[in-house]
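Please build the complete structure, drawing on both the sequences and the hints.
Chains as they are written, first to last, in my numbering: chain H, 18 to 283; chain R, 18 to 283.
It is worth saying that the hints were derived from the structure and are not from the lab. Careful: at least some of the hints might be erroneous.
For identical chains, the list gives no copy identity; a pair is met inside one copy or between any two copies.
Subject to a maximum C-alpha distance of 16 Å in a straight line, what follows is the list of computed EDC-like cross-link-like pairs (lysine to aspartate or glutamate) [to be verified]:
hint, residue 1, residue 2
1, K40, D259
2, K143, E154
3, K135, D186
4, K139, D51
5, K134, E58
6, K224, E48
7, K271, D225
8, K205, D259
9, K134, D51
10, K244, E200
11, K198, E65
12, K243, D186
13, K143, E255
14, K134, E96
15, K198, D225
16, K135, E58
17, K39, D100
18, K213, E247
19, K39, E96
20, K204, E96
21, K273, D100
22, K159, D186
23, K262, E169
24, K131, D55
25, K135, E54
2 protein chains.
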Amino acid sequence: MKSRNSVAVLGPRGTFTEEAAKKMFPGRGLEHYDTVEDVFEAVDGGAEYGVVAVENSLEGAVNTTMDCLLEYDLKIRAECVMDIHLCMIVLPDAGKEEIKTILSHSHSFGQCRKFLKKNYPKAALKRYDSNTAAIKELADLKPAGVAAIGPEAAAELYGLKISRKGVEDAPSQTRFAAISKKEGSGKKSSIIFALKDRPGALYHALKDFADNGINLTRIESRPAKKKLGEYSFFIDFEGSLDEVKVKNALLSLKEKTTFLKELGSY
Amino acid sequence: MKSRNSVAVLGPRGTFTEEAAKKMFPGRGLEHYDTVEDVFEAVDGGAEYGVVAVENSLEGAVNTTMDCLLEYDLKIRAECVMDIHLCMIVLPDAGKEEIKTILSHSHSFGQCRKFLKKNYPKAALKRYDSNTAAIKELADLKPAGVAAIGPEAAAELYGLKISRKGVEDAPSQTRFAAISKKEGSGKKSSIIFALKDRPGALYHALKDFADNGINLTRIESRPAKKKLGEYSFFIDFEGSLDEVKVKNALLSLKEKTTFLKELGSY
Numbered sequence: 018m019k020s021r022n023s024v025a026v027l028g029p030r031g032t033f034t035e036e037a038a039k040k041m042f043p044g045r046g047l048e049h050y051d052t053v054e055d056v057f058e059a060v061d062g063g064a065e066y067g068v069v070a071v072e073n074s075l076e077g078a079v080n081t082t083m084d085c086l087l088e089y090d091l092k093i094r095a096e097c098v099m100d101i102h103l104c105m106i107v108l109p110d111a112g113k114e115e116i117k118t119i120l121s122h123s124h125s126f127g128q129c130r131k132f133l134k135k136n137y138p139k140a141a142l143k144r145y146d147s148n149t150a151a152i153k154e155l156a157d158l159k160p161a162g163v164a165a166i167g168p169e170a171a172a173e174l175y176g177l178k179i180s181r182k183g184v185e186d187a188p189s190q191t192r193f194a195a196i197s198k199k200e201g202s203g204k205k206s207s208i209i210f211a212l213k214d215r216p217g218a219l220y221h222a223l224k225d226f227a228d229n230g231i232n233l234t235r236i237e238s239r240p241a242k243k244k245l246g247e248y249s250f251f252i253d254f255e256g257s258l259d260e261v262k263v264k265n266a267l268l269s270l271k272e273k274t275t276f277l278k279e280l281g282s283y
Numbered sequence: 018m019k020s021r022n023s024v025a026v027l028g029p030r031g032t033f034t035e036e037a038a039k040k041m042f043p044g045r046g047l048e049h050y051d052t053v054e055d056v057f058e059a060v061d062g063g064a065e066y067g068v069v070a071v072e073n074s075l076e077g078a079v080n081t082t083m084d085c086l087l088e089y090d091l092k093i094r095a096e097c098v099m100d101i102h103l104c105m106i107v108l109p110d111a112g113k114e115e116i117k118t119i120l121s122h123s124h125s126f127g128q129c130r131k132f133l134k135k136n137y138p139k140a141a142l143k144r145y146d147s148n149t150a151a152i153k154e155l156a157d158l159k160p161a162g163v164a165a166i167g168p169e170a171a172a173e174l175y176g177l178k179i180s181r182k183g184v185e186d187a188p189s190q191t192r193f194a195a196i197s198k199k200e201g202s203g204k205k206s207s208i209i210f211a212l213k214d215r216p217g218a219l220y221h222a223l224k225d226f227a228d229n230g231i232n233l234t235r236i237e238s239r240p241a242k243k244k245l246g247e248y249s250f251f252i253d254f255e256g257s258l259d260e261v262k263v264k265n266a267l268l269s270l271k272e273k274t275t276f277l278k279e280l281g282s283y
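Have a look at this one:
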C-alpha cells in the first residue's frame, strides 16, 4: 500500500526528477521508484502524486512517459521546467588514468553526444535506468577508469568528485509533469488521439484548433503499436478543457478520431 | 579511407540493420560500425551507402537517426520495412538458474517491456549500442544468470541458445533507410523544416500539402535543440520532389519556415 500523502519519483535519491518534485511539492515526503513505469504504477495504486520527465529540449520526448500517459488512466496536474546541467563525475581519488567506460542514462548520453565524441571517442557507454543509478553504481563498486554523467547534486550525495561541469552540448531544459488520479484545472491542457486513416487527416484535426483560435504548444507522434504508419498524437494547447472554444474543437475533432483521451488541464 | 563500393551498417555482425542492408543491397560488401552516428560519418567520408533504422512500430522514431539526418548533408535513397522478432537468448549450457541480468538495446527493451515486467520483474536491464553488441558480450564473457534479447540470426551466429522466441509485446516492424551523398529519385520524399513561431504555424504548414493534394505518410517532431517549445518537423509524403504539385507546396511552405531541408526522393 502506498501512503496516500506521498509523491512518487524516479530514484535513487538525487535524480533531476527528485529536484523537480521538491520544487513542485515542497516539504512533501518522496518515494523513490526504479523506473518511470513504476512511478505510474505507484500513483495508480494509491500514491497521491507522481513526478515524471516529459521532454528535454535536446533529446526530445521521453518515450516511456508518453506510452504510460496513454496506458494509465491518470491526469496531468502540474508541470515544471528545469535547467539541466550535466557533470563528468569520477571517484574521489581518481587521478589522470584513462576513462574507458562512462555510465549514465541514455537521455543524458544524448544530451552530451558531441562532448563524448570529441573527448572520449573510445569510451564504452553503459546505460542505466537513471543517471543517478549510474552514479550510485560508480560510488558502490568504485571501478577504475570509469566515470558517470549526471547532476552535480547526485555527485555530492554519493561522495564523488566532479571532473568537469557543463558537459551538455547546449543549454538544456527538461519539462516534468505531476500526475495523479484526480483531475485538476488550469490554463493549459493535453490530449491524446488517433486519427481515422484518410488523406490530410492531421491537417483537418489541427484545423479544429486553428478555427477555434486555440494555440498548440506541442505536438508529438508516437506509434499506435499496431503497424508502421499508424500513430497516436499528443497535443498540448493553451486553454482549459472547461472553455467553450476547447469543447467545440474537441467535439469536432472527435468525429475524426478512432480514440480521444483527455489528460486534463493544469 | 572507406571503400567507395561498400555499405556501412550498424555492427557487430548479425544486427537487424545488417539483414536490411543485405535485402537492399544483395551481394554488396558490408562494413560494420559501432553506432548510428558512425554510419553517417562513414557515408560522409566516402562509403557509397549506409543503412540505418528510422522507426519501429512499437518504439517509434530512432532519435539518433533523426538528429543525424538533420546534421549531415546526406540523402535518403531507399527504404525497406522488416518484421522484427525478438528472442530471449542464453548461454548454450544454461540450465534453470535465475536470470538476474538481461542485456539488449534500449529499443529492444522497449519492444518487450510487458514481457519483461511479467516474466523478469526483478532482472537488471543493461543497455548496449545494438542488441547484437549485447549478444556478443554474452557470448564473449559467458556470465552466469545473464540473458540477452535480440534476433535469432545473431544468437546462431554467436553460438548461443534461444530460450524463447517472439518475446516482443506485439508484432513489430522496423523501417530502415539507405543513405548516400548522391540524390536519388522515386515516388516518396522526405523533408525537415522548422517553423516561424506564430499561432497555428503547423496547421498552415500542413495546409500547403493538403491544398496541393499531397498525402503525408509520417510526421515526427524533434526538439530544435535551442529551448523547450521549439521543434523541427520531419515529414514523409507521397510524391517526388520533381513534381509540380510538390514544388508548389514547398515554395509556399518555405515562406513559413526558418529552415527547410530536402532529404530526397526514393
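Intra- versus inter-copy proximity for D186 and K159 (alpha-carbon distance at most 16 Å): Classified as neither: same-chain Cα gap 27 Å, cross-chain 37 Å, threshold 16 Å.
- prompt: Between K134 and E96, at a C-alpha cutoff of 16 Å, which is it: within one copy, between copies, both, or neither?
  reply: neither (33 Å within a copy, 28 Å between copies)
- request: Could you figure out if K271 and D225 sit no more than 16 Å apart (CA to CA) within one copy, between two copies, both or neither?
  value: The answer is within: 10 Å in one copy meets 16 Å, while 24 Å across copies does not.
- prompt: For the identical chains here, do K198 and E65 meet the 16 Å Cα criterion within one copy, between copies, both, or neither?
  reply: The answer is within: 7 Å in one copy meets 16 Å, while 54 Å across copies does not.
message: Treating 16 Å as the Cα threshold, decide for K39 and E96: within, between, both or neither.
response: within (13 Å within a copy, 46 Å between copies)
- request: At 16 Å max between alpha carbons, let me know whether K39 reaches D100 within a copy, between copies, both or neither.
  value: within (15 Å within a copy, 44 Å between copies)
message: One pair to classify: K134 and D51, alpha carbons no more than 16 Å apart. Within, between, both, or neither?
response: Between copies only: 12 Å across, 29 Å inside.
task: Go through the copies and call it for K213 and E247: within, between, both or neither, with a Cα cutoff of 16 Å.
output: Answer is within; shortest intra-copy Cα gap is 9 Å, inter-copy 28 Å.
task: State whether the alpha carbon distance between K243 and D186 is at most 16 Å within one copy, between copies, both, or neither.
output: Intra 35 Å, inter 11 Å, cutoff 16 Å: inter-copy only.
- prompt: Quick one: K131 to D55, C-alpha cut-off 16 Å, is that within a copy, between copies, both, or neither?
  reply: between (32 Å within a copy, 12 Å between copies)
query: From the Cα coordinates, with 16 Å as the cut-off, is the pair K135 and E54 best called within, between, both, or neither?
result: between (34 Å within a copy, 13 Å between copies)
- prompt: Is it within a copy, between copies, both, or neither that the alpha carbon of K135 lies no farther than 16 Å from that of E58?
  reply: between (40 Å within a copy, 14 Å between copies)
Against the hints set out earlier in the document, violations occur for numbers 1, 6, 10, 13, 14, 15, 21, 22, 23.
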